[in-house]
Structure formats: C-alpha cells, structure tokens
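Chemist: Model the full structure from these sequences, guided by the hints.
Residue numbers (the working numbering), protein chains in the order written: chain F, 1 to 388; chain X, 1 to 307.
For the record, the hints were derived by calculation from the structure and aren't laboratory data. We put the beta carbon where it would ideally sit given N, CA and C, even for glycine. It is possible that some hints are incorrect.
Unchecked claim - Chain F stretches covered by chain X per the calculated footprint, using a threshold of three residues with CB under 8 Å from any CB of chain X:
no.	segment
1	84-93
2	204-211
Said to hold, decoys possible - Simulated pairs of lysine-lysine, DSBU-like, Cα-Cα distance not exceeding 35 Å:
no.	chain 1	residue 1	chain 2	residue 2
3	F	K187	F	K2
4	F	K243	X	K95
5	X	K95	F	K203
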Amino acid sequence: MKRMGLESSFAIAEAVKMADADVISAYPITPQTHIVERLAQLIADGELDANYIPVESEHSAMSGCLGAAAVGARTFTATSGQGLELMHEVLYVASAMRLPIVMSVCNRALSSPLSIWGDHSDVMAVRDTGWIQLFAENAQQAFDLTLCAFRIAEDPSVSLPTMVHIDGFHLSHVIESVVLPEADEVKKFLPPLHPLYTLNPDKPLTMGAFAAPDLYAEAKKAQDEALRSSREVVLEAWREFGKLFGRDYSPVETFRGEDADVLLLTMGSFSEVAMEAIDLLREGGEKVGGIRLRLWRPFPFEEFRQAVSGAKLLIVLDRAVSFGGPGPVCAEVKAALSHLERKPPVIGFIGGLGGRDIPVKGFQEMIHRGRDKAAKGQFDDFEMFGVR
Amino acid sequence: METLGVYVPRLVSRRQGFAPGHRACSGCGEALAVSLVLKALGRNVIVSMSTGCMEVVSTPLPHTAWEVPWIHTLFENSAIVASGIEAGLKALRRKGTSLPPAKVVAMGGDGATFDIGLGAISGAFERGHDFLYVCLDNEAYMNTGIQRSSATPFGASTTTQPAGKVSKGQVTWKKNVPAIAVAHGIPYVATASPSYPFDLIAKVKKAAEIEGPTYVHILSVCPTGWRIPTDMTIRIGRLAVESGVFPLYEVEKGKYTLSYDLPELRPVEDYLKPQGRFRHLTAELMDKIQQRVTAEYEALRKKAASE
Chain F
1 MKRMGLESSF AIAEAVKMAD ADVISAYPIT PQTHIVERLA QLIADGELDA NYIPVESEHS
61 AMSGCLGAAA VGARTFTATS GQGLELMHEV LYVASAMRLP IVMSVCNRAL SSPLSIWGDH
121 SDVMAVRDTG WIQLFAENAQ QAFDLTLCAF RIAEDPSVSL PTMVHIDGFH LSHVIESVVL
181 PEADEVKKFL PPLHPLYTLN PDKPLTMGAF AAPDLYAEAK KAQDEALRSS REVVLEAWRE
241 FGKLFGRDYS PVETFRGEDA DVLLLTMGSF SEVAMEAIDL LREGGEKVGG IRLRLWRPFP
301 FEEFRQAVSG AKLLIVLDRA VSFGGPGPVC AEVKAALSHL ERKPPVIGFI GGLGGRDIPV
361 KGFQEMIHRG RDKAAKGQFD DFEMFGVR
Chain X
1 METLGVYVPR LVSRRQGFAP GHRACSGCGE ALAVSLVLKA LGRNVIVSMS TGCMEVVSTP
61 LPHTAWEVPW IHTLFENSAI VASGIEAGLK ALRRKGTSLP PAKVVAMGGD GATFDIGLGA
121 ISGAFERGHD FLYVCLDNEA YMNTGIQRSS ATPFGASTTT QPAGKVSKGQ VTWKKNVPAI
181 AVAHGIPYVA TASPSYPFDL IAKVKKAAEI EGPTYVHILS VCPTGWRIPT DMTIRIGRLA
241 VESGVFPLYE VEKGKYTLSY DLPELRPVED YLKPQGRFRH LTAELMDKIQ QRVTAEYEAL
301 RKKAASE
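Modeler: Structure follows, in structure tokens:
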C-alpha cells in the first residue's frame, strides 16, 4: 500500500494497469484524454502488457472493445460527451451480447453550443443502454470503482459491461491523495477473466444472431433480469473490497442522514461540495443530510427507499435537462417512491450545466430554497438553479 | 465437365463452412461466394460480419448456417470488430493463453464497405491489423430492398434512384474501392467472382496467408436486385468479366496483375441487356458505358503492363 498524489485520470489508468487489461481501444476526446494518454505511456514503458488500438472514432473504439471482449480479452476504454453519443448504438450491443467491457466516462455536456465542460447530459442519454453504471466523486473512488468495475463486469453470473462515471475536469483533472494497493492484494480481489463463451475455432459458435418477434422479447427480458440481479454481485464485490482495502461502498450512501428532515440527493463530484454545505447547515442547527447515488444502474430501489424513508423533504439535483420533461434523476426518484404510502415530497433542481460550478454557498441556498418552496406547496416540475 | 467431376473434389475441400439450409434467395451469388470463401479458409478462422443479406439469411435465432466462429454486431463496424478480435488474440497469446490458430476475416456487403463502414475499414487497413476483408458486392442495398449505394453502376435502376420518365437510374459511376484499398499500401488486394471459383479460392487462400491487412472484392450477382432469372447467376458473373465491366486482377505490394487478360472485350451490351435493372438504357447510354468500361480496362491493362 502506498499513498501518493495522483490526478484522477492517472488513478484510473493505474487501476487499469493493476487489473492487467489486455486491450485498450480508444479515441481521444476532452476531458477523457489523460486516461488513455497515461495508458499508452504505461504500455510504451513496458509497465502494462496490453494492445492499444488507436481507432478512428468512438464508434470504432467501442466496436473494437466488442471484438476483443468476444475472444476473452480484458478490455477497457474511456470517453466523454460526444464520444459517448457516437458510440451510442454500440453500447446496447455490448450489454445485450453480455461482453464485460469496462469504460470510464468523464462526464461532459453535449453540443450545441459546444462545451467541453462537465455535466450529466451524456450519462442520462445512455441511461437505458443496459450497462452497470457507477458514480465516483473523488480520485480515490475513481481508482477503487474502476477496479471494482472489472470484478463486477466479469463475474460469470453478471457478464455485463460497466461504466464508471467521473465528472469531466471537476474530477478528471484534479490531483488528490490516493492510496494504491499492492499488486498481490489486487490479484486477491480480481480473479483472471474466464468468460463462458468466446470466439474460438475449437468450439465454433454464432454470436449476434438476429431475433424474430417470437424471441426478441424473451432475449430482452433475460437481459433485464441479468442487469437487475447484478446488484447482488455489486454488493458482494464492495463487501470484499471493504474487507481487503478498508474502504466501504454501497449503492446509496447517506451523509449525516440521521434524524435529517431534509435530504439533498446528488451524484458525482458535486456531492463533496454538497456535504460541506450540509456540515455548515448542521453547525447552524438545521437538520439536513445528503444522499449520493453510487449505483445508478441497476437502480438501487430498496436502498434508496430505505435511505429516504425518514425524511420530510427530498431535494434532487439534476445535472442534465430532459428537454420538455422533468429532470431525469428526479423523475426516476419520484417513480421509485410513487407507490409508497409514507414518502417525502420531492423538489427538483437542475444546475451545474456545461461546467457551471455550484459552490458551497450555492448548495446552502438550494436547500433553503427547496425547503421554502415545499413549505409554500410550490411543487413544480423543476427549477433551474443558478441560471440567468 | 466429366473430367472436372473427377478433379474438383481433389482441388477443393468438400467441407461446407457455410451450411446448406440458409435462407438466401435462389440463385444468390453472395451465398455462393461465402461458401467458396470458407472452403478456401478452412476451420481456423473467426468471421466478423456486417449487418446485411448474409447475416440475415444465415442466422435467424436459434439457427445458424455458420460452422466457424462468427460474430455480427452492427452494420458499419465489421472491420473494427475484426481489429478488436485480432488485438485480443495477440494480447492473450503473448500473455500465455493457449489458443488455436485463427485467421480473422471481416465480411460486408457493398453498403457496409463502400458507404457506411468505409471509415472503419480505412482505419483497420491503416493500423495494419492482420486480417482479411471480403467485400460481397451486389451493387445495391439488397437486404433493405434494392436501394442505391455508391457501388451501384451507372444507369442501373434501384428503388431510391429508379429509372422513370425523366430519370435514367443511377447517375454516378461506381466508386473504385479496390483502388482505395491499394492506396492504403496494404500488401494484397484482389477482385474475384464466384463464376471463377478456382481463381476465387486461390485468391482468398493467398490473402489469408499474407500477414497484414488484405482485401478481396467479390462481385456477387443478385438475381433479385438485378432482375435476372435465377439460373443466370454464373453466366452474368462471367459476362461481367468478359465485357471488362468487372476485371479480375490482383495487386501485390502495389503491383497490378490481370488474372485473365482478355485480348478482346465482349460488348458491354451483352452484359447489360439480360438484366432488368438496365432495361431502360438507350443505345446512347449503352455507348457511354461502353466508352467508360473500355477506357478503364485500358488504364488497368497499362498499369498491369508497366509494373
């Protein structure tokens, strides 16, 4: 075990190196580039034995991952924003064909206007692609969750691709203190990849046949069941991770949630700022707490309902717009609560778009504003926060 | 023919990698091409195929006509899926996994090759992956119903560029994709036709043995889309070669060689006339096509002679 200062992107590259990935198929895009640049350098220096495919587009980056994973190689890529959108159709194929690819997504706003800065527009656009999706909020988590992603994705009972989301710039380019495990500890945590089916001339098989209406629905039901039941493996991986490395993760993480009347739900690196705001409000005697969604897909219904069961108000921050509709996370949260008898009312905000910062003060203001609105019964679909 | 019956089984594998029972139209030149390609390649192969006729007719779940490992993911990416397979196998072998030998082969129709997948193919050629790309060219989007592609020849009527009262069908000349492949500096490019099965098999074998990216372009006669009787497939394929419309040649390390140097070409009319897709062509348009074919064939001949 050693502690060192690392940029989050480099921490992720370190995790991929320690996982001993076989193939990296990637295309440059800001703010993800530091991850793949670092991996290319590790390969160039002989520190990682992998084949790097410098492809000609993100569509091809993910397609290259399909081929490599189909022969049983441990496969990694990273992207952001437009890149994630360009690989959109390939993402569905990766999950439906049960290929355990791991991908870092440095969350970035979508054009137009062009913005290289962070928000969750790209995440929300790929919500339904069938990938397991985790959110990291600091460099240590970026490292830890990338390592966990390989174990979860490759578990034979799961065999599904997994995304680790980190906020572009706000997290990807931040240097923080990171604890790195020893190689033998990682080996204990992450067994070698042994996929059930691979393309092999000794055992010919057909991958990616087409389904007529008599079989398509069954294939989709089976896929959904696989994603839902991956939850157990996620929990088991995190239990084991906690035992080995002393850092614990769970699908929904609460911060000062005990006796909190008002809960603020956040995802990704903004949670860290929100927690500072909550600390300050607590100092002033306000009974507020935070919850962070660590696991976005499969949606942790049970843990989420449990986490908000005692609250009198839930405030949700979305960092993406569903044009003409409600905030995407807020809508999901409301649906998860809809049939419960005892549930907190929900107030939604949309903010932090295209790299717009929300400082500590901003979160304090958001919590107060949400509380005031709830007191006045102003339950609108959402309010844009910090926008002129 | 009797003597061929004696020798063919000695020259060509009896093994069918592409099993009978697939759902291709009768007279399908593309199914014939795939069958011959697999005879040439043998067992130790992994195929990555684009969406298209061959994918649809051969793999309705839970059936498959493929007796070799085969993967289909999307329309435009068979070359990059092949790149991933090749890179994955290389990494696994280098790191100690024991795997049987496997030539990686990508296949796609003309839509996948000329249009939607051209960027991915160019990328895979440029990166130098050890794989063979086979283009199964039937000169239009046949799977979706005979829409024009950039492989559709001048004058052909398709459903998206039909001949009509004021239109003569396709108004552009076929894109020269073999030349684009050659421009990448890859070690081997060839054209082939199922109407010349031994030539096709020899070229695919040669392409598979060469390390690095190789490209074999197969004209796959499509009775459904070309509007010809289903027993004319082989004949039309021969006429394409004999008229110079689809010359058979190889390009090894940039050096052109004509596989059949025809001292005199048949008139293109012989090739165009039997096909319903060219039925509307006037003598004037036929002449325009003749001039173009003659000029291109001469240019090809010069290239082959000069090198």
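Chemist: Would you mind marking each hint as holding or not holding in the structure?
Modeler: Outcome of the hint check:
1. Given as covered by chain X, the segment 84-93 of chain F passes the check, having 3 residues with a CB less than 8 Å from a CB of that chain where 3 are the minimum.
2. Beta-carbon proximity to chain X at under 8 Å applies to 8 residues in the segment 204-211 of chain F; the threshold of 3 is reached and the given coverage holds.
3. This hinted pair checks out: F/K187 and F/K2 have alpha carbons roughly 16 Å apart, not beyond 35 Å.
4. With a C-alpha separation of about 30 Å, the suggested pair F/K243 and X/K95 falls inside the 35 Å cut-off, and the hint holds.
5. Simply put, X/K95 and F/K203 have alpha-carbon atoms about 21 Å apart, close enough for the 35 Å limit, and the pair holds.
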